[in-house]
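Asker: So you can see what is in the structure, the chains are spelled out below.
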Amino acid sequence: MELTRRDALAALSGAGIVVGGTASALRRNPISFEEQSTSLPSGEEVMETLVAVADLVYPSAISNVREFVVGYAGTRMAERAAYRSGVRDAVADLDSYTAVHFDAERFAGLDASDRSVLLDQLGVRTADPSPEGTITQRVRYYLVNELLYALYASPTGGELVGIENPQGHPGGPTSYRQGPPE
Amino acid sequence: MTAEDASDADRTPSDRADVCVVGAGPAGALVAHRLAERGRDVVVLEAGPRFEFENREERMERAIRPAHDELTVWDMGGERDRYTSSGEWYYPLNHARVKGVGGSTLHWQGMVMRHHRSDFDRRTQDGVAADWPIDYEDLRPYYGSAETEMGVAGASDNPFAPPREEPYPLPAFEPSYSDSLFAEACERLGVTMHTVPNARNSEGYDDRSACVGYGTCKPVCPSGAKYSADVHVEKAEAEGARVIDRAPVQRLVTDESGERVEAAVYATPDGVEHRQEAREVVLACGGVEIPRLLLLSESSAHPDGLANSSGAVGRYFMEHLFAGAGGVLDRETRQNHVGFLTSESHQFYDDPGQSTSGTDGGVPASDADLGPIKLEFLNYAGPSPVEMALHSDDWGDELLAQLRDSYGTHVAMGGLVGQLPRKENRITLDRSRTDDHGNPVPDIQWSIDARTRRTIERANEIQRSVLEELGATDVSVIGPDRTGPAYHHMGTTRMGTDPTESVVNPNLRTHDVRNLSIASSSVFVTSGAVNPTLTIAALALKCADHVDERL
Numbered sequence: 006m007e008l009t010r011r012d013a014l015a016a017l018s019g020a021g022i023v024v025g026g027t028a029s030a031l032r033r034n035p036i037s038f039e040e041q042s043t044s045l046p047s048g049e050e051v052m053e054t055l056v057a058v059a060d061l062v063y064p065s066a067i068s069n070v071r072e073f074v075v076g077y078a079g080t081r082m083a084e085r086a087a088y089r090s091g092v093r094d095a096v097a098d099l100d101s102y103t104a105v106h107f108d109a110e111r112f113a114g115l116d117a118s119d120r121s122v123l124l125d126q127l128g129v130r131t132a133d134p135s136p137e138g139t140i141t142q143r144v145r146y147y148l149v150n151e152l153l154y155a156l157y158a159s160p161t162g163g164e165l166v167g168i169e170n171p172q173g174h175p176g177g178p179t180s181y182r183q184g185p186p187e
Numbered sequence: 047m048t049a050e051d052a053s054d055a056d057r058t059p060s061d062r063a064d065v066c067v068v069g070a071g072p073a074g075a076l077v078a079h080r081l082a083e084r085g086r087d088v089v090v091l092e093a094g095p096r097f098e099f100e101n102r103e104e105r106m107e108r109a110i111r112p113a114h115d116e117l118t119v120w121d122m123g124g125e126r127d128r129y130t131s132s133g134e135w136y137y138p139l140n141h142a143r144v145k146g147v148g149g150s151t152l153h154w155q156g157m158v159m160r161h162h163r164s165d166f167d168r169r170t171q172d173g174v175a176a177d178w179p180i181d182y183e184d185l186r187p188y189y190g191s192a193e194t195e196m197g198v199a200g201a202s203d204n205p206f207a208p209p210r211e212e213p214y215p216l217p218a219f220e221p222s223y224s225d226s227l228f229a230e231a232c233e234r235l236g237v238t239m240h241t242v243p244n245a246r247n248s249e250g251y252d253d254r255s256a257c258v259g260y261g262t263c264k265p266v267c268p269s270g271a272k273y274s275a276d277v278h279v280e281k282a283e284a285e286g287a288r289v290i291d292r293a294p295v296q297r298l299v300t301d302e303s304g305e306r307v308e309a310a311v312y313a314t315p316d317g318v319e320h321r322q323e324a325r326e327v328v329l330a331c332g333g334v335e336i337p338r339l340l341l342l343s344e345s346s347a348h349p350d351g352l353a354n355s356s357g358a359v360g361r362y363f364m365e366h367l368f369a370g371a372g373g374v375l376d377r378e379t380r381q382n383h384v385g386f387l388t389s390e391s392h393q394f395y396d397d398p399g400q401s402t403s404g405t406d407g408g409v410p411a412s413d414a415d416l417g418p419i420k421l422e423f424l425n426y427a428g429p430s431p432v433e434m435a436l437h438s439d440d441w442g443d444e445l446l447a448q449l450r451d452s453y454g455t456h457v458a459m460g461g462l463v464g465q466l467p468r469k470e471n472r473i474t475l476d477r478s479r480t481d482d483h484g485n486p487v488p489d490i491q492w493s494i495d496a497r498t499r500r501t502i503e504r505a506n507e508i509q510r511s512v513l514e515e516l517g518a519t520d521v522s523v524i525g526p527d528r529t530g531p532a533y534h535h536m537g538t539t540r541m542g543t544d545p546t547e548s549v550v551n552p553n554l555r556t557h558d559v560r561n562l563s564i565a566s567s568s569v570f571v572t573s574g575a576v577n578p579t580l581t582i583a584a585l586a587l588k589c590a591d592h593v594d595e596r597l
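First to last, the protein sequences are chains X and B. So the mapping is simple: the working numbering equals the position in the first sequence, first residue as 1, plus 5. So the mapping is simple: the working numbering equals the position in the second sequence, first residue as 1, plus 46.
Chain B on its own, in the form it takes in the complex (with noise of 0.2 Å):
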């Protein structure tokens, strides 16, 4: 099964566009629907495919045999997604995103949380990174949009996240079995567990199924209770948006002042390539694709690429660093029943270093200088038995035998980390290399710093604090020197007030160029601990608002 071929699709540009949004993922779904909802016109240009909703449980086996490489799942790879990687740590780019209407929110997890508000004052708390040109407060409403659009479960137990008024609009999922054996040795130690919020339905939730447990959130929902941003594609269509697949985004043409995007240029399959003119362009296509199509853009007015006058486009790229650990109990624990999280901890967020006492013992504190942890207790700890027997060279008693002995009794728990925004991070050209288009690749150079690896290190000893008291036994654990991203692609076109450190304005436009707007996790200042997507929704409605007060 390759990707969906709607080849007789009309592919030619609109003639009168009011906006143009560049990614059908959850960014752009969200700026087309609202934009489209006031009765803009709007023209959505993606460069994959449409993938047809009966076809995931086919892609749901792909990702549970073994015979189909990953990036088969979502058919990625190949020559329209080569990529470079020439930095001290290896970045795999591919595995980290999904092309096609929908956007990596089809692979995704589907955790949910607001960003703290520390996270908006990086600079002034610790005296490290930068502060984001806005604050909490001016995100809430967006916040509170954003969770009723995607449909999110949770609810309001963290005594750690930032205020909120409105309960969740779907009830929580009830904590896991392994949850309630981590509950027993977290009280003892005075560490809080509270509910994960999840942008997954708990019961049915705009003509959404709830979940029905098939275990392979990441990367297929196959009931579609996990919320993925075709969702907004259709409800956008439905208000008259028009969206155009397989049209990768080849460069934009400013006026000849340089001051106005006039039209997006993209490809089609037959090898033509089309103008999309537009008042208002959101690019809403990754903190990867964004700098580089900016960087593709180049021009007289523009030499070093578009909107880079300050030449902090493709630099700063952060991700979420996971750490981790696992081991086994004397007992049952219940694991892989289903693909999602059910308990987590924002206790060592906004204070990483701190003790705990609890009724019998504590975490011991840290003087080092840290950043934000957020700590998670897996419900999928160990092997999965049915991809444990698909890779087995035994079979009938003899593998039987060797499940059981394998499955059943595996704890863990998984955290993340965000690295401090660093320029020599950043996204660049690969000029000596070129896509199906021709186009020059994206060059990821990527690296941690030294408080990213101590706060992993951080992590990882309030983790074996967790199941030393838990009795675990055979503990292994992901630190500083086995972790890998979370892929979360951040800050490669931050947001600031001045144009000469930061592409776009707190409104999300850019400083350069007058109708050129940015929704994305790549205007992240900071990364914080917790996962993007909720605030990049948050953004994504903000930025529509401002595109929409100009229209």
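Next comes chain X alone, as it looks inside the complex (with noise of 0.2 Å):
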């Protein structure tokens, strides 16, 4: 199932950050950073990495993850400042513990294999998210959680597992009337 960019603007709708917007209110593009810093990631490569988290944590049935991933994460960091600072710095916190224990520079680097052993190493499977909490908690509110927010909080992530008006997200007053699909 292809996440459109109206499941983008949806779960961003849903989060008060557009509000009675069209698609057109949706960044194409990562953003960048107004302060230049040689030690944090820029905002390519923060999007490179939320696409390879996205890459493990959603279901090998949905398409179109990029653009996803760019239109609501994008957008969400450039109206939210405290988010744009917490993927931040849990992207650097992250691209640092990849330094140490694997032979790469950067989490988005490994291959899929390293990059699930690796949030597993650290712990993110089973921690509990917490927005000012250790690498491992902030990893998983500010990337995992986040993504998986953003899909399932959308008609098509909804929509996968049977729910077309998922909670927090504004499908109307009458999704709840109708029987099952035929």
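Please note that a few of the clues may not be correct.
[To be verified] If you anchor each label on the Cβ, the simulated ranges turn out as follows:
id, chain 1, residue 1, chain 2, residue 2, range
1, X, 138, B, 163, 26 to 32 Å
2, B, 521, X, 179, 26 to 32 Å
3, X, 179, B, 319, 30 to 36 Å
4, X, 11, B, 163, 24 to 30 Å
5, X, 69, B, 210, 51 to 57 Å
6, B, 58, X, 179, 30 to 36 Å
7, X, 106, B, 528, 43 to 49 Å
8, B, 54, X, 65, 53 to 59 Å
9, B, 478, X, 106, 47 to 53 Å
10, X, 179, B, 98, 26 to 32 Å
11, B, 123, X, 49, 46 to 52 Å
12, B, 131, X, 179, 41 to 47 Å
13, X, 138, B, 210, 50 to 56 Å
14, X, 94, B, 58, 50 to 56 Å
Simulated from the structure, these hints should not be mistaken for laboratory data. What you are looking at is a predicted structure, and each value in this text was computed from that prediction instead of being measured. Glycine residues also receive a C-beta, built at the ideal position from the N, C-alpha and C atoms.
Join the two chains, each given in its own frame, into one complex according to the hints.
Answerer: The structure is reproduced here in structure tokens:
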């Protein structure tokens, strides 16, 4: 099932970031951070990392992940300062961990199996998410759960499970009255 | 995100006020609006902050995402909200309320039904508890006004409800798909289902949007389709009322005679105390903070607390208890699309022990001594996929398989049972602990009685019959040992005609203090088994009339 720009828009409007907007309100390219930093990842690097994490946590039935992630997370980073700095710090820490424990500079540069091993090794699967917690908790919060929230609070993610108006998505007051699709 | 900071607001008292209202929840908002509309000078003092409407989506996200404690959704907790629960049962007070403009209607479900006639005559009807000094007819016009003010969506299809003249201001929400599954089983058992009156827009009303189905009504409605009392706070302000937020009232001060309140002393964020004088004072800060404030206002004229010559202030604390049962079907049930209810049954309200007879069986009778029962058919049984995904240890295809496996076939019934008023269930001051202003914190002493337990068991019996008829498996029950409070605080400044046994008279004025009134579920004499907010709103409108007459 293909994730559309409409899904990204739906997830963002559910989060109050795009109000009454159209798909043209979505970002098509990663944002550039105003402040340049040699130690923190660029907008492009943050986006690559999110796409690399989405590749692990999203089901294989989903396609068009990159455009969805850029549209959703890019817009969110542009509009919400706390998310922008939180996700950037989490990616920086994840890359530092990668450099110490794996033969690569960046998490996004690892192959899928190493990425999975790394996140398991870091304890992200079983971590309690926290925006101010340890690196593990912040990776869970800003990367894994951010992406899962974007997907499963969108109509396409919901439909994969069998609910076209998932909680958090303003999908109207009629679907609850309808029976299951034939 | 923390509570909105409006530190530059003018929080000094008004020079002249006809009325000072303490609390900006539904009761305070309606009293303030009604009196301001009639040209009275009104000042509302609210302990909590104003919340910006545009932050509601972010609050909703906090409610869904597991990193955020439930209390942070509306910024509850901390020193300001300290309390003690020393009774037989633990009482989670801060989960049960919101402090701020709008009060607990910010996180409420939004079910608004009238009390049944029998609720006002519990002693006469059942030989337990006490009768109210007013009856349904006294409140009937106020119920109608309250429904119009809040914008209630409903239908006149409840054969067990008390009589009404006017249709609801908005059409009812249509029954859910799962209601239609329940309807088949209920018909076979002879159990009557009907719509639920919702303080939630089924179409645009009062400049607020129709429901758009976020599915997170409790604890946040980001669209504003669910009524919350900030609506009437704004209306009151448009009529000239002043609302001072982050201004917790510390105590009420009387004149030398002790018969009139002279001023409400309140604190502001800069640490300064102010006095708001007014000709009339209305307490509308809920069933816990009202008795606490009266007890904190003790003086030589009122040594046991203000307006407490009866000793009833803080006593007879009552709650509604939840009774529920759920299971799974071999069919899809389409749950968690919306966060509100569309069907319930009041059939066992006035006759909880009755047997029923349908096209294929029935619910067996009970000859036990029971209280009223309200039954609900839930639209949000079982897991919400997005919440489950955020908690899962699985990712990718495994996660999707887990979600598909868990979601889709749950059904559940809920219900409310009201406990009896008992003297020993009470709010007192815990003088060993203080809040952020050095005031003793409230201590909740709470337990439930045998009749209430029996009534919960009876509710479970009916629920099990329905689920069995529906063919549900894996049935689990929330009975008297797993029940919890519905977060309705009632009874702690009860209404009555005898000043030695009650705190306020039928006009909602305290027996002991001539210019002090109470608009709250704290004046309820019995709890009934319906959600209390419509009755709170009706009483608030009645209270406003009486205050206006005295002015």
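Asker: Confirm or reject the claim that residue 179 of chain X and residue 98 of chain B have a C-beta distance inside 26 to 32 Å.
Answerer: holds (30 Å)
Asker: Look at the Cβ atoms of residue 138 of chain X and residue 210 of chain B and judge whether their distance stays inside 50 to 56 Å.
Answerer: With a Cβ separation near 53 Å, residue 138 of chain X and residue 210 of chain B satisfy 50 to 56 Å, so the hint holds.
Asker: Using the C-beta atoms of residue 179 of chain X and residue 319 of chain B, is the stated range 30 to 36 Å upheld?
Answerer: For residue 319 of chain B against residue 179 of chain X, whose Cβ atoms are near 53 Å apart, the range 30 to 36 Å is violated.
Asker: Evaluate the given range 43 to 49 Å for the C-beta pair formed by residue 106 of chain X and residue 528 of chain B.
Answerer: Roughly 46 Å apart at Cβ, these two residues keep to the hinted range, so it holds.
Asker: So the hint says 50 to 56 Å: do the beta-carbon atoms of residue 94 of chain X and residue 58 of chain B match that?
Answerer: Violated: the Cβ-Cβ distance is about 43 Å, outside 50 to 56 Å.
Asker: Lying within 46 to 52 Å: is that true of the beta-carbon distance residue 123 of chain B to residue 49 of chain X?
Answerer: violated (40 Å)
Asker: Falls inside 24 to 30 Å, the C-beta gap from residue 11 of chain X to residue 163 of chain B?
Answerer: violated (52 Å)
Asker: Tell me if the beta carbons of residue 131 of chain B and residue 179 of chain X are separated by a distance inside 41 to 47 Å.
Answerer: Distance hint for residue 131 of chain B, residue 179 of chain X holds at roughly 43 Å.
Asker: Just to be sure I understand the hint, the distance between the Cβ atoms of residue 478 of chain B and residue 106 of chain X should be within 47 to 53 Å; is that true here?
Answerer: Distance hint for residue 478 of chain B, residue 106 of chain X holds at roughly 51 Å.
Asker: Hint says 53 to 59 Å; check whether the CB-CB distance for residue 54 of chain B and residue 65 of chain X agrees.
Answerer: Since residue 54 of chain B and residue 65 of chain X have Cβ atoms about 54 Å apart, the given range 53 to 59 Å holds.
Asker: Are residue 58 of chain B and residue 179 of chain X spaced within 30 to 36 Å by their CB atoms?
Answerer: violated (50 Å)
Asker: Taking the beta carbons of residue 138 of chain X and residue 163 of chain B, is their distance inside 26 to 32 Å?
Answerer: violated (55 Å)
Comparing the model with each earlier hint shows violations of hints 1, 3, 4, 6, 11, 14; every other hint is respected.
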